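Engineer: Protein chains in written order, with my numbering: chain A, 1 to 374; chain B, 375 to 632.
Each hint should be verified, as a subset may be incorrect.
Partner residues aside, some chain B positions facing chain A, computed with beta carbon under 10 Å [said to hold, decoys possible]:
#1 Q474
#2 N477
#3 F479
Taking lysine-lysine and the BS3-like style, the derived pairs with C-alpha atoms no more than 25 Å apart in a straight line are [said to hold, decoys possible]:
#4 B:K515 <-> B:K544
#5 A:K309 <-> A:K238
#6 A:K195 <-> B:K460
#7 A:K267 <-> B:K460
#8 B:K522 <-> A:K267
Stretch-level coverage of chain A by chain B, calculated; a stretch enters the list once three of its residues show a Cβ under 8 Å from a Cβ in chain B [said to hold, decoys possible]:
#9 170–183
#10 275–281
These are calculated hints, taken from the structure and not from any lab test. Note that the structure is predicted; figures quoted are calculated from it, not measured. Each residue gets a CB set at the ideal place from its N, CA and C atoms; glycine is no exception.
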Amino acid sequence: MADIDIAEEIPLPAQQRPPVVTSGVIGWLRANLFNSVFNTILTLLAVYFLVSTVPPLIRWMFIDAIWSAPNGQACHAAISQGAGACWAFIGEKWRFIFFGRFPYEEQWRPLFVIVIIIGLILASCDRRLWGRRLVLLWPAGLVIVGILMWGGVFGLRYVPTELWSGLPLTLILAVIGMAFAFPLAILLALGRRSKLPAVRMVSVAYIELVRGVPLITVLFMASVMLPLFLPAGVTIDKLLRAQVAFILFAAAYLAEVVRGGLQAIPKGQIEAADALGLGYWRRTRLIVLPQALAMVIPPLVNNFIGAFKNTSLVLIIGLFDLLNTANTALTDSSWQGFANEAYVFIAAIYFCFCFFMSRYSQMLERTFNRGHRR
Amino acid sequence: MSNAAEVLPDRMPAQIMIEMQAVHKWYGEFHVLKDINLVVGRGEKIVVCGPSGSGKSTMIRCINRLEEHQQGRIIVAGIELTSDLKHIEAIRREVGMVFQQFNLFPHLTVLENLTLAPIWVRKLPKKEAEETARYYLERVKIPEQANKYPGQLSGGQQQRVAIARSLCMKPEIMLFDEPTSALDPEMIKEVLDVMIELAQDGMTMVCVTHEMGFARTVGDMMVFMDRGEIVERAPPKDFFASPKSERTRLFLSQILAH
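Let's have the full structure, built from the sequences with the hints guiding it.
Structural biologist: Written out as C-alpha cells, the structure reads:
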C-alpha cells in the first residue's frame with residue numbers, strides 16, 4: 001500500500017520527547033490552588049468550609065453514634081448528653097423500612113424479590129448476555145417476583161398489593177416502569193420524526209401533554225379520577241394504576257432524549273442504509289438506534305435516575321414505598337424524633353442505586369465510543 | 375427536445391440495465407432535472423460530469439430512489455421505480471452505491487459493515503457472508519483491516535471498504551457519487567485503481583466524477599450535465615477531442631487547465 005511504503009522509505013526525524021511538566025506536590029499546589037489572589041481566597045474558603053462541616057458530620061454519624069439502645073427514651077437521654085446519631089432506631093426499624101406492611105412472617109418473600117431484581121439488573125449490565133437469553137430471563141424473573149409477592153399458589157399465602165411496601169415496591173415500580181417506558185419512549189421519538197402526519201401528531205400531542213403536567217397530577221388522576229370513569233363494579237388495582245401512570249410519564253421525558261440522539265445521526269448514515277436496501281425497521285434497529293442511543297447515554301441515565309427517585313412520589317396516593325415506610329416508622333410512639341436517622345438511611349439506599357447507574361453509564365459510554373475514536 | 379432519438383441510432387445495448395425517460399424533478403420551484411433521458415446497457419460505464427449544482431448527483435440518486443423524481447419513468451434492472459416500497463427495495467438490492475463521504479457505519483467493524491446487508495437483506499448465513507466479505511476486502515486490498523472500526527482507517531481505506539460493502543450485496547449496477555472528491559490527493563489513486571479493476575470485470579457503472587483520467591481509461595460514454603439537463607453525450611475520445619457544445623468546451627477548459 002502506498003501510504004505504508006512512503007513511511008518505510010523515508011526515515012522519520014528523531015523523536016522529541018515532551019517536556020517534563022510536574023514538579024512535586026508543592027509545585028502542583030502552587031500552580032492549581034494558589035496561582036492568583038482570587039484562587040487563594042477560594043481555596044482558603046473551601047478548606048474552612050470542609051473543616052467546619054466534615055468532622056462534625058463524621059462524629060455525628062460514626063464516632064458519637066449510638067449503635068444499640070433498648071428504646072427511644074434511652075437514645076434521647078444519650079443525645080442530651082451529647083451523643084450523635086441513634087442508629088439503634090434503624091436497628092429496630094430496618095425490617096419495617098425495607099418490607100413495610102408485608103406480613104411479618106412472610107417477609108423472606110420480598111427479600112428474595114429484592115435479590116432477584118438486583119440479580120436481573122446486574123445480569124442486564126453484562127454485555128455478553130445481551131440478546132435472546134436476557135429477553136427470556138426478564139419475563140421469567142418477573143413471573144417469580146409476581147408469585148413471591150402475590151402468593152396464592154404453591155402454598156404461599158395470598159398478599160394483596162395494598163400490603164406490598166418498602167424497597168421491593170420501589171424496585172418493582174422503578175424497574176417495570178423503566179422496562180416499559182424505554183421502548184415506549186423509542187416508539188414515541190420515532191413517531192415524532194415520522195413522515196406520516198397522523199403518527200407524528202399523536203406522538204407530539206402525547207409528549208407535550210404529558211410533559212406539561214406534573215407527575216403528582218398524573219398519579220392523582222390515576223388514583224382518584226380514573227375510577228370515576230370506570231363502569232360500576234370494575235376496579236383496577238391501585239398499584240397497577242400508579243405503575244401505568246409512572247410508565248406513561250417517564251416515557252414522555254425519555255422520548256425527547258431519544259429524539260435528541262436520532263437528530264444527531266448524519267443523513268449519510270440513513271442514505272447508506274437505504275442504498276443497501278435495509279428498509280425502515282432494519283435501518284432503525286441496526287444503524288440508527290445503536291448510534292443514537294450511544295450518543296445520549298448521559299442524559300438517558302440522568303432520566304433513569306430521576307425516574308427512579310420519582311417513584312417516591314407514590315406516597316402521595318398512599319402506596320407504601322421506601323420513603324413512606326420510613327415515614328411510618330417515625331410515627332412509632334416509643335421511637336419518636338429520629339427523622340434525621342431515617343432519612344439518612346433511605347438516602348443512602350437511594351444513593352447506592354443511583355451511584356451504580358451513574359458508574360455503569362460511564363462504563364457503557366467508554367465501550368460504545370470505541371468505534372468513534374480516531 | 376427528444377434526447378432519446380439522439381441516443382438510439384448509434385448505440386442500442388444488448389440488455390438495458392437503467393433507462394430514464396423524460397425524467398423531471400423539482401426542489402420546490404427549482405427545476406433540478408430537466409427532461410433526462412439516459413440508457414445504460416449491461417456492462418457499460420457511464421461517466422457523468424458537469425459543474426457543481428448541475429444536477430448530476432441528483433440524477434444518479436434518482437436511480438436508487440434516494441431522491442424521488444416527479445415526472446417521467448425510471449426502469450432499473452427491469453423494475454420500474456414507483457412509490458411502491460417493494461419495487462424500491464428490489465431495486466436497491468441490485469444497485470450498489472458509493473458516496474462522497476463514504477458513509478460507513480462507525481459503530482460497526484469493517485467486517486460487520488460488510489456483512490450487515492447480506493445477512494439482513496439477502497438472508498445469507500453469517501459464515502457465508504463473512505467469507506464473501508473477506509473475498510471483497512482482499513479485492514480492495516485491505517484484508518488486514520477487517521476487525522478495525524471505520525474511524526481507525528484513512529479516507530482512502532474507508533472508501534475502499536465502502537466499495538467492498540456495496541459489492542458484498544452482489545449488485546448488478548454500481549453508482550459512484552463523486553467517490554474521490556473527499557479524499558486527500560495521495561489516496562485518490564488507490565480508490566480509482568479499485569474502480570478500474572471493477573470496470574474491467576464488466577460491472578455496469580454510473581460514475582459522477584471529475585477524474586478525467588479514469589473517464590478516458592474505462593468510460594464507454596461521457597455525459598455532460600449543466601443546469602439540470604444533459605447537454606452532451608459522447609464516447610470519451612470524441613468528448614475530449616471535439617466537444618460539440620460551447621458549455622462543454624468551457625467546462626473542459628476549466629477542469630483541464632491546470
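Engineer: Please go over all the hints and tell whether each is borne out by the structure.
Structural biologist: Hint by hint, here is what the structure shows:
no. : hint              : result
1   : Q474              : holds, 9 Å
2   : N477              : holds, 4 Å
3   : F479              : holds, 6 Å
4   : B:K515 <-> B:K544 : holds, 18 Å
5   : A:K309 <-> A:K238 : holds, 20 Å
6   : A:K195 <-> B:K460 : holds, 18 Å
7   : A:K267 <-> B:K460 : holds, 22 Å
8   : B:K522 <-> A:K267 : holds, 23 Å
9   : 170–183           : violated (count 0)
10  : 275–281           : holds (count 5)
In terms of the numbered hints stated before, the structure departs from hint 9 and from no other.
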